[in-house]
Amino acid sequence: MTPEFHREIGIPRVAAIEYPYGRPVGQVNDIEGQRTVLLETLSFMEKADNPGKIFHLPFTWPEEPKHTKWQPPEISPIAKLFLDEIKEAGAARKKK
Amino acid sequence: MNNTEKAVNGFRFLPPSLGAWIGKDIPAQPFKGDIPWTPLKKPIRKTSFALMTSAGISMKSDLPFDVAREKREPAWGDPSSRQIPASAGEKDIDVNHLHINTDYIKQDINVMLPLKRFQEFEKEGIVGRLASTCYSYYGFQMDPAELLERTMPDIADQMQVENVEAVLLTPA
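Protein chains in written order, with the numbering used here: chain A, 1 to 96; chain B, 1 to 172.
Please keep in mind that the hints were generated in silico from the structure rather than gathered at the bench.
Okay, the calculated beta carbon distance ranges per label pair:
hint: 1; chain 1: B; residue 1: Ala145; chain 2: A; residue 2: Lys87; range: 25 to 33 Å
hint: 2; chain 1: B; residue 1: Ile26; chain 2: A; residue 2: Leu39; range: 28 to 36 Å
hint: 3; chain 1: A; residue 1: Val28; chain 2: B; residue 2: Ser61; range: 19 to 27 Å
hint: 4; chain 1: B; residue 1: Leu169; chain 2: A; residue 2: Pro62; range: 23 to 31 Å
hint: 5; chain 1: A; residue 1: Ile75; chain 2: B; residue 2: Gln29; range: 30 to 38 Å
hint: 6; chain 1: B; residue 1: Asp103; chain 2: A; residue 2: Leu39; range: 23 to 31 Å
hint: 7; chain 1: B; residue 1: Ile26; chain 2: A; residue 2: Pro12; range: 15 to 23 Å
hint: 8; chain 1: A; residue 1: Leu83; chain 2: B; residue 2: Met59; range: 29 to 37 Å
hint: 9; chain 1: A; residue 1: Ile75; chain 2: B; residue 2: Ile126; range: 36 to 44 Å
Rough simulated footprint, nothing fancy, chain B against chain A, three-plus residues with beta-carbon under 8 Å:
hint: 10; region: 4-18
hint: 11; region: 26-35
hint: 12; region: 44-51
In this text, all values refer to a predicted model and were calculated from it rather than measured experimentally.
Positions of the beta carbon are idealized from the N, C-alpha and C atoms, including for glycine.
The following block holds chain A by itself, in its conformation from the complex (with noise of 0.2 Å):
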């Protein structure tokens, strides 16, 4: 979900997609969009041989990204917890 943590972990294999958190693969009831996924995945699995090989699934979700409901219904208690730091991280970027 997000190959950038790769950079902190590193991580065997990593299959990497660009679909909204908590749906890696695919959306609800789509079992001929779910089974591309995985044999993509599958694929890319037999043909890994070495380690840290990231793989960019070529898939596109169909939403844009403020449509796609993946957030809680209430935001965690770490970002509660961080909310101020969030939000100048947040403002940091936008001066960049």
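Since chain A is already given, all that's left is putting chain B on it; use the hints.
This is chain B only, laid out in the frame that chain A set:
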């Protein structure tokens, strides 16, 4: 990168401020160090799989993941795991996770833990076998010591009992 043209942006679905906050602690440089590596011993079509997810899925017959404590102690995440039988369906499971919308998993477990899809793959000869036990843990771990030192070795032991040769981990 690889032979596909797409470059996955792992932050695309995060609100920009949250993405900036999380991203500031991720090194800009590639990972340096040893990465664990176990080569596949057989082709996928002969390999025995287990599935594992960090989505906080539990059987209704089991204790749910402890999100009440996390609400009291925001830096704490439940370090335990649950076994999920490969035969489990939506009616059998509960999902407790404070960092995602769990509704979609409750509607179709396969969006997170693709048990049905792997049962199909086994019947079709695409994979060798799906083990009878799959696994869930809770992905929010600020301190992963207990998860890594106690929970995961127990899972690995059970996988060895069931002759598991490869694991597909689907992060929440």
